[in-house]
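**Q** Sequence:
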Amino acid sequence: MATFKNLSTLMILLVVNVALLPRATFATGKNPDCAKGMTSDCGFQFFQFVVFANISAPTGECCHELVKAGKNCHIQFVELSLSTHKPVKGTISDVYKRSNETWNNCAAIGPISPPEPTH
Numbered sequence: 000m001a002t003f004k005n006l007s008t009l010m011i012l013l014v015v016n017v018a019l020l021p022r023a024t025f026a027t028g029k030n031p032d033c034a035k036g037m038t039s040d041c042g043f044q045f046f047q048f049v050v051f052a053n054i055s056a057p058t059g060e061c062c063h064e065l066v067k068a069g070k071n072c073h074i075q076f077v078e079l080s081l082s083t084h085k086p087v088k089g090t091i092s093d094v095y096k097r098s099n100e101t102w103n104n105c106a107a108i109g110p111i112s113p114p115e116p117t118h
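Mapping the sequence shown onto numbering that gives the first Met the number 0, position 54 (from 1) lands on 53, and the numbers just tick up by one.
None of these hints come from the bench; they were simulated from the model. Hints may be right or wrong, so weigh each one.
[What the hints assert, rightly or not] Below, a list of computed lysine-lysine pairs in the BS3-like style, where the Cα atoms sit at most 27 Å apart:
(1) K35 with K67
(2) K67 with K96
(3) K85 with K35
(4) K96 with K70
(5) K96 with K85
(6) K85 with K70
(7) K70 with K35
(8) K70 with K88
(9) K35 with K96
All chains should be modelled from the sequences, with the hints used to inform the complete structure.
**A** What follows is the structure in structure tokens.
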């Protein structure tokens, strides 16, 4: 019975922590506008995937936002995330691997091209 109670308490704590995590922490002192076009949902997807490795890869739409923000912005996000959060799964090296994997996958998708003008 005590084990079930401890497990329940742990699950509640986990849910509360995930709910209170910052949605997106992209802006840094060096370049506060680098991720101006990044939505908080996409920022949260990248944060969860790169730092915690606990969701699937970011969506194509979020990849387009990341590519538009640029690789330097992505690197700043990872550095800022590592300075404020410990990786839950793996090591810091694993975070950098997931970061590179994310960037390479998103860069392969490429940015969204503007629609062709109609005549």
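**Q** Are the Cα atoms of K67 and K96 separated by 27 Å or less?
**A** 21 Å, holds
**Q** Is the Cα-Cα distance between K85 and K35 27 Å or less?
**A** Holds, at roughly 25 Å.
**Q** K70 and K88: Cα distance at most 27 Å?
**A** 23 Å, holds
**Q** Is the Cα-Cα distance between K70 and K35 27 Å or less?
**A** 14 Å, holds
**Q** Does K85 pair with K70 here, judged by a C-alpha cut-off of 27 Å?
**A** The given pair, whose Cα atoms are some 22 Å apart, holds under the 27 Å limit.
**Q** Is the hinted pair K96 and K85 satisfied, with a Cα-Cα distance of at most 27 Å?
**A** 15 Å, holds
**Q** Verify the proposed pairing of K35 with K67, using a straight-line Cα cut of 27 Å.
**A** Cα-Cα ~10 Å, so holds.
**Q** Given the hint that K35 pairs with K96, test it: the Cα-Cα distance must not exceed 27 Å.
**A** 25 Å, holds
**Q** When you check the alpha-carbon spacing of K96 and K70, does it fall within 27 Å?
**A** Since the Cα atoms of K96 and K70 sit roughly 14 Å apart, the hinted pair holds (cutoff 27 Å).
In terms of the numbered hints stated before, the structure departs from none.
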